[in-house]
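J.: Listed here are the chains, written in short residue letters.
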Amino acid sequence: MGSDMGLIVKTMARATIPLIGIFGAYVISHGHLTPGGGFQGGATIAGAGILFLIAFGINEAKEKINKSLYSALEGLGGLVFLAAGMLGLSVAFFYNTLWHNGPIFNGEPGTLLSAGYLPIMNLAVGLKVYTGLVSAVFAMALFRRWRK
Amino acid sequence: MSFIVAFIWSFALWLVLTAGTNGMLWSLEELIAGIIFATIVGFSTRNIIGEKTQRFLNPIKWLGFIVYAVGPLFWGMAKANLDVAYRVVTGKIKPGIVRVPVDLENEAQYTILSNSITLTPGTLTVDACPEEKALYVHWIYVKEEEPKTSEPVAGSFEKWARRLGK
Chain A
1 MGSDMGLIVK TMARATIPLI GIFGAYVISH GHLTPGGGFQ GGATIAGAGI
51 LFLIAFGINE AKEKINKSLY SALEGLGGLV FLAAGMLGLS VAFFYNTLWH
101 NGPIFNGEPG TLLSAGYLPI MNLAVGLKVY TGLVSAVFAM ALFRRWRK
Chain B
1 MSFIVAFIWS FALWLVLTAG TNGMLWSLEE LIAGIIFATI VGFSTRNIIG
51 EKTQRFLNPI KWLGFIVYAV GPLFWGMAKA NLDVAYRVVT GKIKPGIVRV
101 PVDLENEAQY TILSNSITLT PGTLTVDACP EEKALYVHWI YVKEEEPKTS
151 EPVAGSFEKW ARRLGK
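As given, the protein sequences belong to chains A and B, one line each in that order. Going left to right, the first sequence walks through residues 1 to 148 as the working numbering numbers them. Going left to right, the second sequence walks through residues 1 to 166 as the working numbering numbers them.
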């Protein structure tokens with residue numbers, strides 16, 4: 001238990017974890033413009049979390065990964081998705097009211113603030129996928145021992 | 001302080017990714033979104049990025065990295081690739097793992113030197129041991145079994161790594 005990688009892997013992980021994180025955020029937030037979206041970007045950021053877990057070892061990860069926070073954020077992602085779907089409830093469920101007459105997210109197609117509720121949903125799905133995957137992998141890494 | 005380093009490091013990648021949204025430059029909304037996301041990423045990774053990383057915000061150091069990448073490193077890679085092609089054709093190899101004593105202080109210097117050694121074909125860093133100030137390098141053609149410095153293995157890379165990671 002508690003094994004971690006050598007010095008080179010750790011130093012490279014220190015440098016690349018912020019880069020993977022911001023790239024995942026880019027994929028999520030441009031889900032309506034470029035290939036990718038909530039799931040793909042969330043899985044990318046979860047890759048950064050798994051890199052952290054593998055490079056720095058389980059003991060370091062135990063201090064940094066907070067179970068309640070991740071659990072709450074996963075729930076929040078689902079709730080925001082549902083709330084975005086409810087926005088146009090006076091017409092229909094999942095009616096994209098932000099795009100048709102909403103105050104924001106109705107810019108010119110191709111710009112960042114367009115496509116109505118899609119960016120919000122992508123962010124919600126990305127948050128949910130990231131926290132869910134990291135929690136799942138971390139729980140497996142904490143599995144008590146290989147054999148009794 | 002390390003929050004600012006992580007913020008700048010991730011915001012620079014965001015700028016590279018989103019360039020061209022307003023002509024050749026960036027539209028305002030992309031910049032604001034970048035600041036928000038880079039703040040989140042920088043805040044989450046501020047304890048991971050390491051201590052004293054603000055020394056890499058020095059523009060003179062960036063210049064040093066560029067000069068190193070296009071100068072000694074590129075030249076060393078070109079030379080070593082031709083050498084490996086020669087060894088593939090003729091089959092003259094004498095492989096072995098040698099212990100290379102190095103005189104470096106911090107993790108960044110070890111990483112730069114190890115990655116440079118691995119990038120030049122024919123040599124491959126197996127392990128870096130800062131406690132005994134040595135690298136273990138797998139060499140395709142061992143010229144010296146117990147080198148006293150890193151000169152026969154890595155050329156001038158150790159000097160550069162010491163300067164760039166300081």
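No lab work stands behind these hints: they were computed from the structure. Any given hint could be a false lead.
[Unchecked claim] Okay, the calculated bits of chain A under chain B, using three or more residues with CB under 8 Å as the criterion: (1) 4 to 16; (2) 111 to 124.
[To be verified] Here are the computed lysine to any residue pairs in the SDA-like style, where the Cα-Cα straight-line distance is at most 25 Å: (3) Lys94/B with Leu63/B; (4) Lys52/B with Trp75/B; (5) Lys10/A with Glu132/B; (6) Lys133/B with Lys64/A; (7) Lys92/B with Tyr136/B; (8) Lys62/A with Phe81/A; (9) Lys62/A with Met12/A; (10) Lys10/A with Ile97/B; (11) Lys10/A with Ala69/B; (12) Lys10/A with Gln54/B; (13) Lys79/B with Gly155/B; (14) Lys10/A with Phe65/B; (15) Lys10/A with Lys92/B; (16) Lys10/A with Tyr136/B; (17) Lys10/A with Lys79/B; (18) Lys10/A with Arg163/B; (19) Lys52/B with Ile4/B; (20) Lys10/A with Lys159/B; (21) Lys10/A with Arg99/B; (22) Lys52/B with Val9/A; (23) Lys62/A with Ser2/B; (24) Lys10/A with Lys143/B; (25) Lys143/B with Trp62/B; (26) Lys133/B with Ala15/A; (27) Lys62/A with Thr16/A; (28) Lys166/B with Ile8/A; (29) Lys64/A with Ile8/B; (30) Lys52/B with Met12/A; (31) Lys62/A with Arg147/A.
Every residue, glycine too, gets a C-beta built ideally from N, C-alpha and C.
J.: Hint by hint, say whether it matches the structure.
T.: Structure-based check of each hint:
Using a Cβ-Cβ cut-off of 8 Å, 9 residues of the region 4 to 16 of chain A lie near chain B, which meets the minimum of three, so the contact claim holds. Residues of the region 111 to 124 of chain A with a Cβ under 8 Å from some Cβ of chain B number 3, which satisfies the need for three, so the listed coverage holds. In summary, the hint linking lysine 94/B to leucine 63/B is not supported, as the alpha carbons are separated by about 38 Å, beyond the 25 Å threshold. Restraint check for lysine 52/B and tryptophan 75/B: not satisfied, since their Cα atoms lie roughly 31 Å apart, outside the 25 Å limit.
Using a Cα cut-off of 25 Å, the hinted pair lysine 10/A and glutamate 132/B holds, with the two alpha carbons roughly 18 Å apart. At roughly 30 Å between alpha-carbon atoms, lysine 133/B and lysine 64/A are farther apart than 25 Å, so this suggested pair is violated. Taking the CA atoms of lysine 92/B and tyrosine 136/B, the gap is about 22 Å. The hint holds against a cut of 25 Å. The hinted pair formed by lysine 62/A and phenylalanine 81/A fails the criterion: a straight-line CA distance of about 29 Å is larger than 25 Å.
At most 25 Å may separate the alpha-carbon atoms for a hinted pair to count; lysine 62/A and methionine 12/A meet this at roughly 21 Å. At most 25 Å may separate the alpha-carbon atoms for a hinted pair to count; lysine 10/A and isoleucine 97/B meet this at roughly 23 Å. For the given pair, lysine 10/A sits about 22 Å from alanine 69/B by alpha-carbon distance, which is consistent with the 25 Å threshold. This hinted pair checks out: lysine 10/A and glutamine 54/B have alpha carbons roughly 18 Å apart, not beyond 25 Å.
Proposed proximity of lysine 79/B and glycine 155/B is supported: the alpha carbons are some 12 Å apart, at most 25 Å. As the CA atoms of lysine 10/A and phenylalanine 65/B are separated by approximately 20 Å, the hinted pair is consistent with the 25 Å bound. Pair hint lysine 10/A plus lysine 92/B does not hold up; C-alpha atoms about 36 Å apart against a cutoff of 25 Å. Distance hint between lysine 10/A and tyrosine 136/B is fulfilled; the C-alpha atoms sit about 17 Å from each other, no more than 25 Å.
A distance of roughly 30 Å separates the Cα atoms of lysine 10/A and lysine 79/B; the hinted pair therefore is violated under the 25 Å criterion. Simply put, lysine 10/A and arginine 163/B have alpha-carbon atoms about 21 Å apart, close enough for the 25 Å limit, and the pair holds. Distance restraint check for lysine 52/B and isoleucine 4/B: the Cα-Cα separation of roughly 12 Å lies within the 25 Å cut-off, and the hinted pair is therefore satisfied. Restraint check for lysine 10/A and lysine 159/B: the C-alpha separation of about 22 Å stays at or below 25 Å, so the hint holds.
For the given pair, lysine 10/A sits about 21 Å from arginine 99/B by alpha-carbon distance, which is consistent with the 25 Å threshold. Distance restraint check for lysine 52/B and valine 9/A: the Cα-Cα separation of roughly 18 Å lies within the 25 Å cut-off, and the hinted pair is therefore satisfied. Distance restraint check for lysine 62/A and serine 2/B: the Cα-Cα separation of roughly 21 Å lies within the 25 Å cut-off, and the hinted pair is therefore satisfied. A hinted pair counts as satisfied when its Cα atoms are at most 25 Å apart, and lysine 10/A with lysine 143/B does not qualify at roughly 31 Å.
For the suggested pair lysine 143/B and tryptophan 62/B, the alpha carbons sit about 34 Å apart, so the restraint of at most 25 Å is broken. Between lysine 133/B and alanine 15/A the CA atoms are separated by roughly 23 Å; this keeps the pair inside 25 Å, and the hint holds. For the proposed pair lysine 62/A and threonine 16/A, the alpha carbon gap of about 21 Å is at most 25 Å, so the pair holds. Restraint check: the Cα-Cα separation between lysine 166/B and isoleucine 8/A comes to about 16 Å, which is no more than 25 Å; the hinted pair holds.
About 22 Å separates the Cα atoms of lysine 64/A and isoleucine 8/B, which keeps this hinted pair within 25 Å; it holds. Taken as a hint, the lysine 52/B and methionine 12/A pair is honoured in the structure, with Cα atoms around 15 Å apart against an allowance of 25 Å. Of the pairs offered as hints, the one joining lysine 62/A and arginine 147/A holds, with about 22 Å between alpha carbons and a cut-off of 25 Å not exceeded.
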